[in-house]
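Q: Sequence:
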Amino acid sequence: MHSAIYLLCSHEHNIWLLNSFVLFLIFSFCTCSDTISADKAIRDGELLVSKDKTFALGFFSPGKSTSRYVGIWYNNLSEKTVVWVANRDNPINDTSGVLSINSHGNLVIHHNYTTFPVWSTNVSLSQSNTTNVIAQLSDIANLVLILNHTKAVIWQSFDHPTDTLLPYLKIGFDKRTNQSWFLQSSKTDDDPGTGSYTFKFSTTGKPQLFLYNQNLPVYRAGSWNGRFFTGVPNMIRQESTLKFSFVEDENQAAFSFYPLDRSRIYRGIIQKPTFYQGFIWDNQKDQWSRYWSAPTSQCDNYGTCGPNSNCDPLDFDDFRCICLPGFKPKSPNDWYENKVSTGGCVRKQDASVCGNGEGFVKVEGLKIPDTSLAIVKGGLSLEQCEKECLRNCSCTAYAVSDVRNDGSGCLSWHGNLIDTVKLSAQGQDLFVRVDAVELAIYNRKTKGGLGKKRMAAILVASVLAGVLLLSSVYYLWKRKSEDEMIRHLNQDSLTEENDVQSNTHPNLPFYSFKVIMAATRNFGHENKLGQGGFGSVYKGCLVNGQEIAVKRLSEDSGQGTKEFKNEVTLLVKLQHRNLVKLLGCCFEREERMLIYEYLPNKSLDFIIFDENQRSSLVWDKRFEIILGIARGVLYLHQDSRLKIIHRDLKASNVLLDAAMNPKISDFGMARIFGEDQIQARTNRVVGTYGYMSPEYAMEGRYSTKSDVFSFGILLLEIIAGKRNTDSEIGRASLNLIGYAWMLWTEGKALDIVDSTLGQSYPSALVLRCIQIGLLCVQENATNRPSMLEVVFMLGNETPLCPPLKPAFLFVGNQNLQESSTSRGGSSINEVTETTISAR
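FYI, our numbering numbers position 512 of the sequence shown as 514, with every residue one higher than the one before it.
Incorrect hints may appear among the rest.
What the hints assert, rightly or not - Taking lysine to aspartate or glutamate and the EDC-like style, the derived pairs with C-alpha atoms no more than 16 Å apart in a straight line are:
(1) K172 with E250
(2) K604 with D659
(3) K541 with E528
(4) K379 with D404
Worth flagging that the hints you see were computed from the coordinates, not collected in a lab.
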């Protein structure tokens, strides 16, 4: 009996010892602390847990991956949901990881057998503070690095979001500190590395929330209008459960939210295929429930219907795209028959919207157009906004920036209206500029009525009839003047292969020499913007306040007449956001002048080749410029009504508007190709040293691939901040192409990157751009990609072919700076003569 009791007690004792041992093991691998200090790290298998037990931090492996990452996840949910990853692009391949604070006061991830970090917070501290640092996991999932004695925050994970938007976490930017907060997708469920999609605010115009794919806009949530983002009116349905906060001034824009019921768990995540999704935790079903996602329809895709149109997502049975008032389809056959809308809409022919009784038509309930292209003026009411827009002939439309219309701001667009969408509820009103005829029709439809109103309408119609009669007389006179100008041009033009037929647009304004003299203050030196082989460019201001740039051809310009004819012929037929806009011309006595839109930031070469200027040109803006140039050249080659070869694409021929958007200029050397034409040949080679393709410079053969070559040079110049023709002491190659190729073959291509960028650029994307540039400058034209392929490669992560040897055009110690001189040389057989004109 005693033996039995002894055995029983001994057995119970053994169980107690076993339980104690298990508990010991559990607590040895798990710490309930919420802090890390210089003498207390956490290893793979240990955890930090926030004070209220809501969040945990530790090492984990996502999905089917065996790689180890440090992340933060919900501690008390049955479904493990990671909301932040530290080393998302630098995983550890085993379980030897340690998260600690090093001797410099930084939070680092490293292997337990080395102190070399694979990830670090990378902050700089004074020596006296390095031992005072602790890291703490807060109850809102913010990992904070603080000075323990002062509680000052020196780094926090909320400043470096990954793919998840949490309550109290903000997204936006601060220009004063150069800080930006945005979400970036993961590559896959098994790989949390940075993917191609970002959810962030634009910094130009009125700040807007965009979804980008490799910096190409995919979806636009729009700007904040006082209650919600203009493209997400359903946000107001969440006002009873969520509190939204948006702070905006000239230096910053920041958005955040939090639940009014703190027990409810919300999160947003950016991921494919639905891009952005909002979730709430369902306690009854013990799972996440989606309450919002974007995009939700075809109209949510950025620019679905092209410029100056309105996309209606509720029109399921017919074409979703409608031209805005005063506009018509650019390509009627594509629009009406094929239901292809990418070309968008253009101003109706013969519509006069400058000083001829024009006005505005209200289009209700919209996601207003892309406000990064708008001018913002604070403190103006709706009525003041209308007056401001009406007095400027280039103003296309206006709206107020706040739905409360409390004088908080006026938005005005001075070009194409992009990404306008009809909303079922809570949309804003857009006021679109139309001519007098369109305005009368609109007023008749909306006001109607009898008596005085009807009499007023009849009176307006009578006045309009008189205006139309006078306009017809003016049109006939103007057409006669245009014919006279074209006759002069044709008389002065030289006969050359592929000569462009003079067929100008009947609506191209003609300015008198007196008007241009007044606008430029007699071509005063203070208004001179630059000089080229063609002559000079001046800034001017018309009487209506519109700023212009005047290109005045010099009398002794040997190529003036031909260039003048080319630009008039081509630019009136080309409309693209990345091409400079021709406003009119002057052909009076011996004067030949072209009038363009004024672009305040001059040309790209003024910025990219100046060390002080280019230091302010961050990578994201450089990439936007590269994309804009690529889209502009693609439009010339493929998407315009004419197939155009520019033949002189270079940094000085890329102008920059107020938002630093690129616009290709100088079409004097351009040539029109037939639809099926592949290449042409000339005896007069024109262009700029350093940008000309080898087959063009040496043999006079040019094609779309000639422009591709020039684009490749320009792309490399933007990345390097140096001219292709610059020679550097100690550099093996005399030009940038050769240097880039040498570094590429040595596996050191990133050494070409402009030093003013420091390390603040995505190395993978920059390396991809360098590879695309080298593909464009391959010696054999057939190996170069088309511009369509270039745009696709820039916007996607598809694998690229390895580049072949580029064309090295320049050897020896030549002076290869841009020049406006010409030189001639006979060919070997002396049957033809080739003239190379450098500009």
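Q: For each hint, tell me whether it holds in the structure or not.
A: Hint by hint, here is what the structure shows:
A hinted pair counts as satisfied when its Cα atoms are at most 16 Å apart, and K172 with E250 qualifies at roughly 13 Å. With a C-alpha separation of about 8 Å, the suggested pair K604 and D659 falls inside the 16 Å cut-off, and the hint holds. Of the supplied pair hints, the one linking K541 and E528 holds, its CA atoms being roughly 9 Å apart against a limit of 16 Å. With a CA separation close to 12 Å, the supplied pair K379 and D404 stays within the 16 Å bound.
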